[in-house]
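Student: So the protein lines, in turn, are chains A and B. The numbering of the first sequence is UniProt numbering, which starts it at 1 and goes up by one. The numbering of the second sequence is UniProt numbering, which starts it at 1 and goes up by one.
Be aware that one or more of the hints could be misleading.
What the hints assert, rightly or not - Not everything, but these chain B residues come out facing chain A in the computed CB check (under 8 Å):
#, residue
1, Phe-17
2, Gln-19
3, Val-42
4, Tyr-84
5, Leu-86
6, Ile-137
7, Pro-181
Worth flagging that the hints you see were computed from the coordinates, not collected in a lab. C-beta atoms are modelled at their ideal positions from N, C-alpha and C, and glycine is treated no differently.
There are 2 protein chains.
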Amino acid sequence: MRDEFSFIKSITPTNRFQQQLTIGIGDDAAVYKTSADTEQVVCVDAMVEGIHFRKDTLSPFQIGRKALAINISDLAAMGANPMYYLVTIAIPKTWTDHELQDIYAGMNELAERYKMDLIGGDTVSSKDQLVLSVTAIGIVQEGKALKRSSAKPGDVLFVTGPIGKSAAGLELLQQKEKDKPLTDMEHSCIRAHQEPEPQISSGTYLANLGKRIALNDVSDGLSSEAMELAEASNVQIVMNEEKLNSILPDLQNVDYHQKLKWALNGGEDFQLIGTTSNETFAHLQESSPTTLFDIGFVRAGNASVIMKSANEETVLDKGGYNHFS
Amino acid sequence: MRDEFSFIKSITPTNRFQQQLTIGIGDDAAVYKTSADTEQVVCVDAMVEGIHFRKDTLSPFQIGRKALAINISDLAAMGANPMYYLVTIAIPKTWTDHELQDIYAGMNELAERYKMDLIGGDTVSSKDQLVLSVTAIGIVQEGKALKRSSAKPGDVLFVTGPIGKSAAGLELLQQKEKDKPLTDMEHSCIRAHQEPEPQISSGTYLANLGKRIALNDVSDGLSSEAMELAEASNVQIVMNEEKLNSILPDLQNVDYHQKLKWALNGGEDFQLIGTTSNETFAHLQESSPTTLFDIGFVRAGNASVIMKSANEETVLDKGGYNHFS
Numbered sequence: 001m002r003d004e005f006s007f008i009k010s011i012t013p014t015n016r017f018q019q020q021l022t023i024g025i026g027d028d029a030a031v032y033k034t035s036a037d038t039e040q041v042v043c044v045d046a047m048v049e050g051i052h053f054r055k056d057t058l059s060p061f062q063i064g065r066k067a068l069a070i071n072i073s074d075l076a077a078m079g080a081n082p083m084y085y086l087v088t089i090a091i092p093k094t095w096t097d098h099e100l101q102d103i104y105a106g107m108n109e110l111a112e113r114y115k116m117d118l119i120g121g122d123t124v125s126s127k128d129q130l131v132l133s134v135t136a137i138g139i140v141q142e143g144k145a146l147k148r149s150s151a152k153p154g155d156v157l158f159v160t161g162p163i164g165k166s167a168a169g170l171e172l173l174q175q176k177e178k179d180k181p182l183t184d185m186e187h188s189c190i191r192a193h194q195e196p197e198p199q200i201s202s203g204t205y206l207a208n209l210g211k212r213i214a215l216n217d218v219s220d221g222l223s224s225e226a227m228e229l230a231e232a233s234n235v236q237i238v239m240n241e242e243k244l245n246s247i248l249p250d251l252q253n254v255d256y257h258q259k260l261k262w263a264l265n266g267g268e269d270f271q272l273i274g275t276t277s278n279e280t281f282a283h284l285q286e287s288s289p290t291t292l293f294d295i296g297f298v299r300a301g302n303a304s305v306i307m308k309s310a311n312e313e314t315v316l317d318k319g320g321y322n323h324f325s
Numbered sequence: 001m002r003d004e005f006s007f008i009k010s011i012t013p014t015n016r017f018q019q020q021l022t023i024g025i026g027d028d029a030a031v032y033k034t035s036a037d038t039e040q041v042v043c044v045d046a047m048v049e050g051i052h053f054r055k056d057t058l059s060p061f062q063i064g065r066k067a068l069a070i071n072i073s074d075l076a077a078m079g080a081n082p083m084y085y086l087v088t089i090a091i092p093k094t095w096t097d098h099e100l101q102d103i104y105a106g107m108n109e110l111a112e113r114y115k116m117d118l119i120g121g122d123t124v125s126s127k128d129q130l131v132l133s134v135t136a137i138g139i140v141q142e143g144k145a146l147k148r149s150s151a152k153p154g155d156v157l158f159v160t161g162p163i164g165k166s167a168a169g170l171e172l173l174q175q176k177e178k179d180k181p182l183t184d185m186e187h188s189c190i191r192a193h194q195e196p197e198p199q200i201s202s203g204t205y206l207a208n209l210g211k212r213i214a215l216n217d218v219s220d221g222l223s224s225e226a227m228e229l230a231e232a233s234n235v236q237i238v239m240n241e242e243k244l245n246s247i248l249p250d251l252q253n254v255d256y257h258q259k260l261k262w263a264l265n266g267g268e269d270f271q272l273i274g275t276t277s278n279e280t281f282a283h284l285q286e287s288s289p290t291t292l293f294d295i296g297f298v299r300a301g302n303a304s305v306i307m308k309s310a311n312e313e314t315v316l317d318k319g320g321y322n323h324f325s
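Can you build the whole structure from these sequences, using the hints too?
Tutor: Here is the structure:
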């Protein structure tokens, strides 16, 4: 396939049959009405051996945990509460029963925390790659799901936590000379890669406010996720390089530009990135149970992402990892 | 993996978090409440290249169509009306953009017929096998979903149409000497394999009756599906060999035992198999818009499936295709 994005565009339906469908394909998850006061939120995300994970950097437990985490993160980005999940697993002969059970134990750890029931699945065999596809279902109060398309000029751009730690952790895991002991921050980066925490409490808090907030999760790099907000809202997203500094991983021996690259292009941080009015952001800084980091602003203009430093502005390319490039 | 069934048992949750969950893992689909009068019905089923399909017996259009059909069939077996679907596709380099778009066109054909919206998905790459996992979501009136566990001694055993045609069609497709022209029935068998019809109208009709009916779809062989009813309801299912004759594919040149084997072990017919009281069955024979074929009965005893001929009874083994055997 030549290009993932144009392929997805070519197979995206242009009409809708069900009137209850509030948000169709194209956001972090779909939303549809089922009762007078609640809506269902549904998403699916897959991980493929050798592409999204390798056995030498993630244990089977961590692979399963992460496959569910990336889906919970999509629910978080809509402001939904997780409820159920279903699992398709395609299994090559190279995986033992014990490893497979560990995959489910990893999912189960997060499922217990979020009270999610495993309600279905399909178990099939494959030749040489394990494929794990998880469907997650959540619930949100009617009309409160947070879309990518709500950003407006003048908004503050914020994230819910540090960005780039997962890519830093993967780099540390791939370094072969592991003689010297790791620092606490290095351990923290590795944990961010192996056992990411979806931001459900932040997502549901933001949704329950009932304010205009655009939201996305950082599954690909920050530049790619900001671009999704820019395109869905048809605005320019301006990231302030000085402010970004405060959310980069605090690794002493790593060059600043390397850390910035991890944040912009790395992905898998599963923090939330969003925009809202100055007024709502000021309220959030006082009231939100989780810290929100101001990293820039929104302005009118053609959909794009700009990096603003003291002396210049640079237009960022999409940069997120395209599986087919 | 040693055994698919014991593996699934080992990863099936033993507790439930969500009180709204009416039917968990272990039936054709899961069912959970979302409003005072309706329930959601969700299932997932995957197809893997080289295992569930090959490019020389199914076109890309037919592969996509079938991947959605097998999920709609699971909804039919619960008596649900289809609403939405999500698609995970893992794509090797050997597939062209045109073929991939045909896969989605095949799904779209059924989606249009059943007014299903494609609401999400994930597109990933794989090394050498196409994997297609579809999640389907339907709706059913509260309390009306039809479970496998409702069979009772004294019930009639019925199916909604001919069984074994899909396996016969696959056999015809695999025969290399295709010199002589095919008969109408041979064409019909090939169509049954390539473009199966899920039985939504029968399923929803049976559910809306509001009677006690056990229901399952024939995705594996008849013996395997009957065994699922037997185990879920803890009863003996007795198939009457003479009556079975009426639902075997009417292929003149094929040995009777071959046809019986296709019906019992072939699978992919996507008819429905069920049981209900004599009284309800008599009513159904008068009122049902689709024909129901009486093929046996239910009696008390340890969960098993029996083939009853004029002179003897034979206990059938599970027989359905275990992907890991």
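Student: Each of the hints needs a verdict: does it hold here or not?
Tutor: A quick look at each hint next to the structure:
| no. | hint | verdict |
| --- | --- | --- |
| 1 | Phe-17 | holds, 4 Å |
| 2 | Gln-19 | violated, 10 Å |
| 3 | Val-42 | holds, 6 Å |
| 4 | Tyr-84 | holds, 7 Å |
| 5 | Leu-86 | holds, 5 Å |
| 6 | Ile-137 | holds, 7 Å |
| 7 | Pro-181 | violated, 36 Å |
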